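Residue numbers (our numbering), protein chains in the order written: chain Z, 1 to 372; chain G, 373 to 636.
Calculated from the structure, these hints are not laboratory results.
A quick note: this is a predicted structure, and the numbers were derived from the prediction, not measured.
We treat Cβ as the ideally placed atom computed from N, Cα and C, and that holds for glycine.
Accuracy of the hints is not assured; some may be wrong.
With a straight-line Cα cutoff of 30 Å, these simulated DSSO-like cross-link-like pairs (lysine-lysine) come out [what the hints assert, rightly or not]:
1. G:K453 / Z:K120
2. G:K532 / G:K594
3. G:K453 / G:K532
4. G:K610 / G:K594
5. Z:K120 / G:K532
Just a few of them, taken from the derived set where beta-carbon distance is under 7 Å, the chain G residues facing chain Z [unchecked claim]:
6. A473
7. V497
8. S501
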Amino acid sequence: MAMLLLLRHDRRAALAALLVVAILLAALPFLVNLGLGKTWVRILDFTLLYVMLALGLNIVVGYAGLLDLGYIAFYAVGAYLYALLASPHFGLHLPFWALLPLGALLAGLFGMLLGAPTLKLRGDYLAIVTLGFGEIIRIFLNNLNAPVNITNGPQGVNLIDPVAIAGHSFGQTWSVLGFSVPGLYLYYYLFLALTLGVIAVSIRLQDSRIGRAWVAIREDEVAAEAMGINARNIKLLAFAMGAAFGGVAGGLFAGFQGFISPESFNLMESIMILCMVVLGGMGNIPGVILGAVLLTMLPEALRYVGPLEQALFGRVVVDPADLRMLLFGLALVAVMLFRPAGLLPSTRRRREFDSSEAVLAQEQASVYDAHK
Amino acid sequence: MMLTSNIASGQPLLIAEALGKRFGGLAALTEVSFAIRRSEIFGLIGPNGAGKTTLFNVLTGLYELDEGELTFNGAPLTRLKPHQVAQRGLARTFQNIRLFANMTALENVMAGRHVRTRAGLLGAVLRCSRTRAEEAAISRRAHELLAYVGIEKHGQALAKHLSYGDQRRLEIARALATDPLLLALDEPAAGMNPSETGDLMLLLRTIRDDGVTLLLIEHDMKLVMGLCDRVTVLDYGKKIAEGTPAEVQRNPAVIEAYLGGPLT
């Protein structure tokens, strides 16, 4: 805390800290590769994708309070747009810089389309309908291979073009100033840049006229409308904005992976992303990032449990895959019990859940006032 | 402080003609007509269940009108959505306070400025000079309004942590942030003690003197009689009397509605 205060007051200290963070982030894939191997650089790339997704969902769930259980659909829309327009499937090979905004746009459009029928729904009902929509998109992708083959059905789309900038494909190793930089690292830097962009947009939206309107409709829709906030447009904007982030992440995923199939976009993924948002701290950007990082990396770390058991007991006692869901459930329960507002709650939500005596006393006092 | 700029004198600010609203078989409002003049404090009273809040909800677009016409500031108000009503300059408070509980007092008032400001998604993301100027103006105005209703020291407190009286004041500040021509208050003194009610009366007079017309639903007769220029009385969804507080007080129909029988 003292550190933070120091940073706020001393511009030079803040700049120095920023520089250190920047160098660390730039060196991260090299360090991870040295320490943990190439697999973990790949995991790092995925982590950044999930950070983007979680921040997108955070706009819908955290800011505007609209519980969306079908968010993965927008990831799918972005991914399929990229895959279909940059693969041998249709023989189209559009460039990456065109596909990314197009994916954001199309996903945003889908966000509004799927948001529009749910405008009058709240809470549980909204969750159920969005869950249905998410599944509908996946099932469509699964079945749109006949009579006209659009999505190639359950087989998915293969041989998707890797991201390329100025004719240099990320599929190959680049040599920059004598360094050889593998594609995996290039993706890391690209994802990092876009993640930083998403973070910047999230921060700016939070403290804006639109951001306040989102929180206002979350708090009391009737009052917000009476104050002149057009709840319909503001909600659609939240759906579209969140979906657009998902679409960008989806496009990147398709280029990075080289192969996508409907299976990658199932309900479990939606729930995972929602868990990242809730576990980390709804509405708080650092919290959401932390949630995404933890929930992407911890399951991967559990892969080491199998060999560890082998070494300790001579056989695998508990299948690590089972362990993964078990620990995941335990972690969620623990967070609910001990940090109900998330690991890093926003100041607002921390106070929301704060039932310290001071607050209670104050509330009792106001109740007393009311009956005087 | 200047609260409103768009004051055209002449015809009344709000004209209600033969309003009717039914819920199934229940006639909540029948043939209710009245006119609110500019810069007056207009009271709406009646026993519980008389249709006062229904009338409020019809005025502010929360309920759709079944019959009748509403004209506000020279243009029809019928069939507008609540946010359009606010846009046109009619702001309200709620009987059971409806603040944005988990926003600070300041943010509540800032949210009230939404309808008079323009920055959109692009402005927020790019944070261009116009957006920044607008944001600064919103914040400045919100501070002014908090000071105006006398709760500036609680600006950073969450709305739900304010005392009851301060919550009522905050609701008024938030409504004033929309630059209303007409401010409709649904039982603003409910649950207040006499000294708080006295302070509220002063505040409401100041608001009127600063150019905002007031429509007031109230049970506190002392407040109504002390504050209102004219009063309309509703009973079972019908208008039974209208006039100055003193006239209404002497009206036999009103006395009957409140006390249940003529005084002999």
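message: For each hint given before, does the structure comply? Return the numbers of the non-compliant ones in rising order.
response: 8
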